[in-house]
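J.: Chain residues, written in single-letter form:
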Amino acid sequence: MSTKEQRVAEIVAEHAGREGPMLPILHDVQHEFGCVDGEAERVIAGALNLSRAEVHGVVSFYHDFHEKADPRPVVQICRAEACKARGVETLMAAANQAAGERVKLSTVYCLGLCSAGPSARVGDTLHARLDAASLAKVIENA
Amino acid sequence: MSETRIVRISDDALARALGADALAAAFAKKGVEVHRTSSWGMHWLEPLVEIEGMGFGPATLDDVDAILDGSSSKAIGEIVELPFIARQQRLTFARAGQTRPTNLDDYEETGGWAGLRRARHIGSAEIIEEVLASGLRGRGGAGFPAGIKWKTVAGAAGPQKYIVCNADEGDSGTFADRMVMEGDPYALIEGMAIAGEAVGANQGYIYCRSEYPDAIRKLTEALKLCEGIIAPFRCEVRTGAGAYVCGEETSLLNSLEGKRGEVRAKPPLPALEGLFGKPTVVNNVLTLSAVPHILAEGGSAQYVALGVGRSKGTMPIQLAGNIKHGGLFETAFGITLRELIYDIGGGTESGRPVKAVQVGGPLGAYIHPDQFDIRFDYEEYAAADALIGHAGITVFDDTADMGQMARFAMEFCAVESCGKCTPCRIGSTRGVELIDRIRAGGRKADAVEVLPVMHNASKKGRLPEQDIGLLADLCETMKFGSLCALGGFTPYPVLSALKNWPEDFMPESEKVLDRNNA
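Residue numbers (the numbering used here), protein chains in the order written: chain A, 59 to 200; chain B, 84 to 601.
In case anyone wonders, no lab produced these hints; they're calculated from the structure. Predicted model only: the values in this text are computed from it and were never measured.
Computed far set for chain B versus chain A, every beta-carbon distance over 12 Å:
{"id": "1", "residue": "Ala-108"}
{"id": "2", "residue": "Ala-109"}
{"id": "3", "residue": "Lys-112"}
{"id": "4", "residue": "Asp-146"}
{"id": "5", "residue": "Leu-151"}
{"id": "6", "residue": "Pro-228"}
{"id": "7", "residue": "Pro-242"}
{"id": "8", "residue": "Ala-466"}
{"id": "9", "residue": "Ala-528"}
{"id": "10", "residue": "Thr-560"}
{"id": "11", "residue": "Met-589"}
Computed from the model, here is a short list of chain A residues facing chain B with C-beta under 7 Å:
{"id": "12", "residue": "Gly-78"}
{"id": "13", "residue": "His-85"}
{"id": "14", "residue": "Phe-119"}
{"id": "15", "residue": "Tyr-120"}
{"id": "16", "residue": "Glu-139"}
{"id": "17", "residue": "Ser-173"}
{"id": "18", "residue": "Ala-174"}
{"id": "19", "residue": "His-185"}
Lysine-lysine pairs mimicking DSS-like chemistry, simulated, CA-CA at most 27 Å apart:
{"id": "20", "chain 1": "B", "residue 1": "Lys-527", "chain 2": "B", "residue 2": "Lys-582"}
{"id": "21", "chain 1": "B", "residue 1": "Lys-113", "chain 2": "B", "residue 2": "Lys-157"}
{"id": "22", "chain 1": "B", "residue 1": "Lys-342", "chain 2": "A", "residue 2": "Lys-126"}
{"id": "23", "chain 1": "B", "residue 1": "Lys-407", "chain 2": "A", "residue 2": "Lys-195"}
{"id": "24", "chain 1": "B", "residue 1": "Lys-112", "chain 2": "B", "residue 2": "Lys-157"}
{"id": "25", "chain 1": "B", "residue 1": "Lys-342", "chain 2": "A", "residue 2": "Lys-62"}
A virtual CB, placed ideally from N, CA and C, is assigned to each residue, including glycine.
Take the sequences, apply the hints, and build the full model.
T.: This is the structure in structure tokens:
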């Protein structure tokens, strides 16, 4: 058993006593490894007495779980209606330029800062009332 | 400067996103006591600093000295006297801005746990009677009477029942749930414990969106601190995983169980076969948070006296998008959209004319300025082919391209569809293509797909008008054929945009022509 398999098995064991432990397990695995890949799926499936297809079905359903790790820092930019009304789309060119290949930009639909958009999230840190310059700065510091 | 002076700064996520943490640290460094409270909901003033009832905002680090010596130009006067606060009727948000979110003393001193104590005293049947009499309707959008749901669960057989709080409603333009969870977590927990008392459930789950990290942190902390108070009721926070559709109650239940967040067909109702097949109350954050007040008041007369018709009590309305005075405004039902946007919201932040207002989140209709006299009331909105939904109001100025917004509504549905039913899964993708085609001037005969499997497809081109007809037809199919509100309500923004701003769907080439003629 590889060390990764071992660690995934530990995570599964930590949540074993809970009702419906799948999502908490997947969150922890995603957090620790940056992804929930085939290897992890196999361990989880074995421990929860499910087929790997069933686990994969869950992993692939949610936007928060990824099948492959991406080592780049992630900046989530809200592009839902309220932020669109506050001009987020006009910032995207500058954001893409600031991100380049180094930072991964992803879209999130609503961070709940709808009266002070455009907004972005890096890890658990939120930023609001962004303009092209401040968004570029957030991305550069990510 | 007196030594007992307390500086109050919100630790709501929005204030934090605007630098409240650094501001609080700067004040602390000056030797004053800093309390991190919930937010008053006046977002254009965040970060808002409060000293002995007087407000200063939006404050920056440069303002710290001037605020302390009383010479700040950011002074806005006494907070409770500001029209934005004074005009509200606050029940759910009665504590907003005034208490420290996870401080148990603050909660108790402001009437906390009175509802739960009384609920335990009067027992199940009477709790349900009072919630029924209050006329409280689900604040998640559908507006189903909460008391009837509770009664069904209470009457269902089985030793194990659940209370599930739907804290995954991620509609853009709404943030009241987030503000309750971050600012007044015990109110939600108390509401859940009362629901547990009413239906005979001792286990609760709060399923919160992963996009709200602050809310998850605060709820987890609050639950730990009040464990002994709510016992034998137990409650746990579960984190969603970024799927909008999990805000639909049956998807949420599947997700909680650890499955794909696919919608379940109803019946059976979750009230009878919900989480793990057991009778379950699924209520939204605002619904559950309204309960402690109703119970504490000992009867619902005050609640029923507010509002109009069958829309009772108050609604926390969220002013968002391009609006000057954005934030949370709780008031009784019956206020008009015009009052909300202009009198309270101050019009657009950009200073340009209002073009459209979307009420009720991404699945709500776009309302034209001609209809701004519509009253906030479930029935009146339904009659106008619109939704109150989560009471989010997103304002757009005249630079908005409504054709683009209609396309986004379809695109959003395509991205977030759970895939279980065809009208939503396929219809949304076809909707995006159709709107693109309309905006490009209709389907050209020479660009018609000629796949052999498409033997039924018309080989002829279509004019934009014909494509618009097809779009309306597709919307009908989605509206009546989808399993849940995601596919079923996406036609609201699309059709309202098409009806009110048809010019925004005109092909670019024709628009140019128009301009030349003008």
